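Student: Chains as they are written, first to last, in the numbering used here: chain A, 1 to 400; chain B, 1 to 400.
Accuracy of the hints is not assured; some may be wrong.
[To be verified] Derived DSSO-like pairs: lysine-lysine, alpha-carbon spacing no greater than 30 Å straight-line: (1) A/K189 with B/K188; (2) A/K188 with B/K189; (3) A/K314 with A/K70; (4) A/K188 with B/K314; (5) A/K189 with B/K189; (6) A/K326 with A/K314; (7) B/K326 with B/K314; (8) A/K70 with A/K56; (9) B/K56 with B/K70; (10) B/K70 with B/K326.
[Claimed, not checked] Far from chain A, some chain B residues (derived; all Cβ distances over 10 Å): (11) F7; (12) E136; (13) T148; (14) T172; (15) K188; (16) D258; (17) A264; (18) G265; (19) Q290; (20) P300; (21) T309.
For the record, the hints were derived by calculation from the structure and aren't laboratory data. None of these values were measured; they are calculated from a predicted model. Glycine included, C-beta positions come from ideal geometry on N, C-alpha and C.
2 protein chains.
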Amino acid sequence: MDVMRGFPPPPEARPALENWDRHPFTSWSFRNMRRLFPTAGIARGPGPVWTLPARKQNLDALTFATADGKRSDVASMLAATDTDGFLVLHRGRIVCERYEGGLDETGLHLAMSVTKSFVGTLFGIFEARGLFDLDEPVTRYVPELAGTAYEGATIRHVLDMQSGVRFNEDYTDPASDAARIDWSFGWKKLPEGEPYLTVYELIRSLADRELPHGDTFRYRSIETETLGWIIERATGTHLATLLSRELWQPMGMEFDADIALDRAGTAMADGGLSASLRDFGRFGQMYLDQGVANGRQIVPAAWVRACRTGCNEKFNDPAFGGRQPKQAYSRQWWIRDLETGTAMARGIHGQLIYVDPPRDMVVVKVSSWPTARNPAWLADTFAMIDAIGAALGGAKNRRD
Amino acid sequence: MDVMRGFPPPPEARPALENWDRHPFTSWSFRNMRRLFPTAGIARGPGPVWTLPARKQNLDALTFATADGKRSDVASMLAATDTDGFLVLHRGRIVCERYEGGLDETGLHLAMSVTKSFVGTLFGIFEARGLFDLDEPVTRYVPELAGTAYEGATIRHVLDMQSGVRFNEDYTDPASDAARIDWSFGWKKLPEGEPYLTVYELIRSLADRELPHGDTFRYRSIETETLGWIIERATGTHLATLLSRELWQPMGMEFDADIALDRAGTAMADGGLSASLRDFGRFGQMYLDQGVANGRQIVPAAWVRACRTGCNEKFNDPAFGGRQPKQAYSRQWWIRDLETGTAMARGIHGQLIYVDPPRDMVVVKVSSWPTARNPAWLADTFAMIDAIGAALGGAKNRRD
Numbered sequence: 001m002d003v004m005r006g007f008p009p010p011p012e013a014r015p016a017l018e019n020w021d022r023h024p025f026t027s028w029s030f031r032n033m034r035r036l037f038p039t040a041g042i043a044r045g046p047g048p049v050w051t052l053p054a055r056k057q058n059l060d061a062l063t064f065a066t067a068d069g070k071r072s073d074v075a076s077m078l079a080a081t082d083t084d085g086f087l088v089l090h091r092g093r094i095v096c097e098r099y100e101g102g103l104d105e106t107g108l109h110l111a112m113s114v115t116k117s118f119v120g121t122l123f124g125i126f127e128a129r130g131l132f133d134l135d136e137p138v139t140r141y142v143p144e145l146a147g148t149a150y151e152g153a154t155i156r157h158v159l160d161m162q163s164g165v166r167f168n169e170d171y172t173d174p175a176s177d178a179a180r181i182d183w184s185f186g187w188k189k190l191p192e193g194e195p196y197l198t199v200y201e202l203i204r205s206l207a208d209r210e211l212p213h214g215d216t217f218r219y220r221s222i223e224t225e226t227l228g229w230i231i232e233r234a235t236g237t238h239l240a241t242l243l244s245r246e247l248w249q250p251m252g253m254e255f256d257a258d259i260a261l262d263r264a265g266t267a268m269a270d271g272g273l274s275a276s277l278r279d280f281g282r283f284g285q286m287y288l289d290q291g292v293a294n295g296r297q298i299v300p301a302a303w304v305r306a307c308r309t310g311c312n313e314k315f316n317d318p319a320f321g322g323r324q325p326k327q328a329y330s331r332q333w334w335i336r337d338l339e340t341g342t343a344m345a346r347g348i349h350g351q352l353i354y355v356d357p358p359r360d361m362v363v364v365k366v367s368s369w370p371t372a373r374n375p376a377w378l379a380d381t382f383a384m385i386d387a388i389g390a391a392l393g394g395a396k397n398r399r400d
Numbered sequence: 001m002d003v004m005r006g007f008p009p010p011p012e013a014r015p016a017l018e019n020w021d022r023h024p025f026t027s028w029s030f031r032n033m034r035r036l037f038p039t040a041g042i043a044r045g046p047g048p049v050w051t052l053p054a055r056k057q058n059l060d061a062l063t064f065a066t067a068d069g070k071r072s073d074v075a076s077m078l079a080a081t082d083t084d085g086f087l088v089l090h091r092g093r094i095v096c097e098r099y100e101g102g103l104d105e106t107g108l109h110l111a112m113s114v115t116k117s118f119v120g121t122l123f124g125i126f127e128a129r130g131l132f133d134l135d136e137p138v139t140r141y142v143p144e145l146a147g148t149a150y151e152g153a154t155i156r157h158v159l160d161m162q163s164g165v166r167f168n169e170d171y172t173d174p175a176s177d178a179a180r181i182d183w184s185f186g187w188k189k190l191p192e193g194e195p196y197l198t199v200y201e202l203i204r205s206l207a208d209r210e211l212p213h214g215d216t217f218r219y220r221s222i223e224t225e226t227l228g229w230i231i232e233r234a235t236g237t238h239l240a241t242l243l244s245r246e247l248w249q250p251m252g253m254e255f256d257a258d259i260a261l262d263r264a265g266t267a268m269a270d271g272g273l274s275a276s277l278r279d280f281g282r283f284g285q286m287y288l289d290q291g292v293a294n295g296r297q298i299v300p301a302a303w304v305r306a307c308r309t310g311c312n313e314k315f316n317d318p319a320f321g322g323r324q325p326k327q328a329y330s331r332q333w334w335i336r337d338l339e340t341g342t343a344m345a346r347g348i349h350g351q352l353i354y355v356d357p358p359r360d361m362v363v364v365k366v367s368s369w370p371t372a373r374n375p376a377w378l379a380d381t382f383a384m385i386d387a388i389g390a391a392l393g394g395a396k397n398r399r400d
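Kindly produce the complete structure, drawing on both the sequences and the hints.
Tutor: Right, dumping it as structure tokens:
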């Protein structure tokens, strides 16, 4: 079916509230969030673009072993995993840039939880300016959190998703807490009789703890919404404005971006960002380059190091397979390998910014998987990235 | 009250579906349509901006007689009529550029029915390329209009708002046909039990004629929605893409714009455009300069002439005071003076692009009037513009 083709498109070709994030609508929807929902723009401003040099290579035929024990190649893997955009930066240069299914270089794609790493970055920027002490309680910045499950948690707990707040992140449960976030942002239909809550009202409604604060990592999107509240309150500035002023403008991002809003105009800090493929690449490259982008120190190198350095002991979320060797979660980044500092911004339905210091490589994949999670496709994506990294070679002689 | 101030803004400071276009929310809402509703972006692309030279003058103290027989001055008048942005171009230069109430040069403002003149312009462009014959019936392009009240109407009838289709444009009647357009675009709450219609379904639902096609002018917004359908069907291209490709990009517009959408993703051709003050000015200047903008012939000079030349006999809409000397409506433009070719793009709540050939002047005023129409404020706006025009002088020696 040709989604949204025709004037007007036939009713069955139009995404609706019930199905916009389901097959066959995902690809169109993820590329057109502002056509479906209220959004705030994130302006790049009038400054020059941070140009990414290119030295394209054809990686299509590169092969690797998949999770099911077979072999695949890059082109087949990208096609098989509903890829909308794929970018490889190696030694600071674009070696591969592909668009599928309607995306192009000017188009935006929903980042889902990749958004979290952008929001976390703002904390690194403002911590360096003295606005935050990460060990202060969140209630110092948002007093309304007193008396909620967040009372006693520090900013660091929330950045590392180690608050003890009970929050059911199950994407397959239509009444999970994660679904409640969707209700707040109008991404899912509010059930009959359920009162509407803005996302900040939703945070305030959380009363239960499942663990002591700081005890362990549990992946919960609401933590990033709480971060969004803290940073908006502390700066007196809307998240969309912060993303523009602190990232899009100084980094020389190429295209304006946008972020989804709830009925109070609050940005969806945990997953509402849409940006262009190359701008996701610039963000990854900035993290690869110790916080430097477009010739400027955007976020301190110490922050970037902290995003690659976490506590493996605390990384034991049963929803993500429990404890994994070498892995951690730190400051809104997933650390794949603590030894190499390989870290990722990740989002459901196949969104990924992969920062690989030993390979001097950044990989971005934006996708429209029909399901929120797919561990096999994720494993195969990693296998593909490892094969690409091995083929391209390591970090030496960057500008050779 | 500080509309949308605070994180989160207090409930009473947030525009909602029931009040977003009422006092005190109008100014915020008209500047932030994408934060309230689904929109499509209108991209200016990567090309250079059409720079407007400036020679600023202080017009604040310029006085004129108001409708109630008193005298006012420009500064007082702008403040008294809820002005968000005011721009005067004289001899191709910006002589006055003012922002109030939160708008700035980068901000967008809802154009309301000023949008119609932009959509009409696309017909001028595509007619010149041979895509349309204005005397062909609309059913040639949109066969679905057969059997509706539009059957037998030509494109020209619709461009001049002279089809005989019955359509109640009363903005104060919450169940008028104009309100139905708002229901289609989600701008007003759909009454309980009323089935949702996309705007194209709404057009198809119109079965009655009040007059023979071509008989007389009646201002009806649905005519422009019908034009939108014709141009999308004939070009196979979404209206937002057409506005970008045919106007925003070649004209060197300075900022991306946007347009509101219904649930089928159809753009609100009759009133959904938001653009920056200066870009409204560029559009007016293009019409002043016989269709030339940014060094290019954007729309043929013959089209511009036609927009300034209409039939006064047919201009007799009782809703606009009946027949007026020197006035007409032609191709989605209001002609204020047939002798001088002074013409306007106009929208409710105080939106205006005023093109004054004898004065070599373009005036743009974007406003947030609390009511849709206000004949006294409109008359005073004209008096102010006439005073500014008289003070600035005529068209001679443009580049002196």
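Student: Would the hint linking A/K189 and B/K189 be met if the CA-CA limit is 30 Å?
Tutor: holds (16 Å)
Student: So is B/K188 really clear of chain A, every C-beta pair being over 10 Å apart?
Tutor: Label holds. Min Cβ-Cβ 16 Å, cutoff 10 Å.
Student: Measuring Cβ to Cβ, find out whether B/T309 lies farther than 10 Å from everything in chain A.
Tutor: holds (31 Å)
Student: With a cut-off of 30 Å on the C-alpha distance, tell me whether A/K188 and B/K314 pass.
Tutor: At roughly 50 Å apart (the allowed maximum being 30 Å), B/K314 and A/K188 break the hint.
Student: For the pair supplied as a hint, A/K189 and B/K188, is the alpha-carbon distance within the 30 Å limit?
Tutor: holds (19 Å)
Student: Given the hint that A/K70 pairs with A/K56, test it: the Cα-Cα distance must not exceed 30 Å.
Tutor: holds (28 Å)
Student: Is the hinted pair B/K326 and B/K314 satisfied, with a Cα-Cα distance of at most 30 Å?
Tutor: Roughly 11 Å separates the two Cα atoms, so the pair holds.
Student: Using Cβ atoms and 10 Å as the threshold, tell me whether B/Q290 really stays out of contact range of chain A.
Tutor: holds (30 Å)
Student: Quick one: work out the minimum CB distance from B/A264 to chain A and report holds if it exceeds 10 Å, violated otherwise.
Tutor: violated (4 Å)
Student: If I take the minimum Cβ distance from B/D258 to any residue of chain A, is it greater than 10 Å?
Tutor: violated (8 Å)
Student: Has the given pair, A/K326 with A/K314, been kept, meaning a C-alpha gap of at most 30 Å?
Tutor: holds (11 Å)
Student: Is it correct that the beta-carbon of B/T148 has no partner in chain A closer than or equal to 10 Å?
Tutor: holds (15 Å)
Hint compliance for this structure: hints 3, 4, 11, 16, 17 and 18 are not met, and every other hint is.
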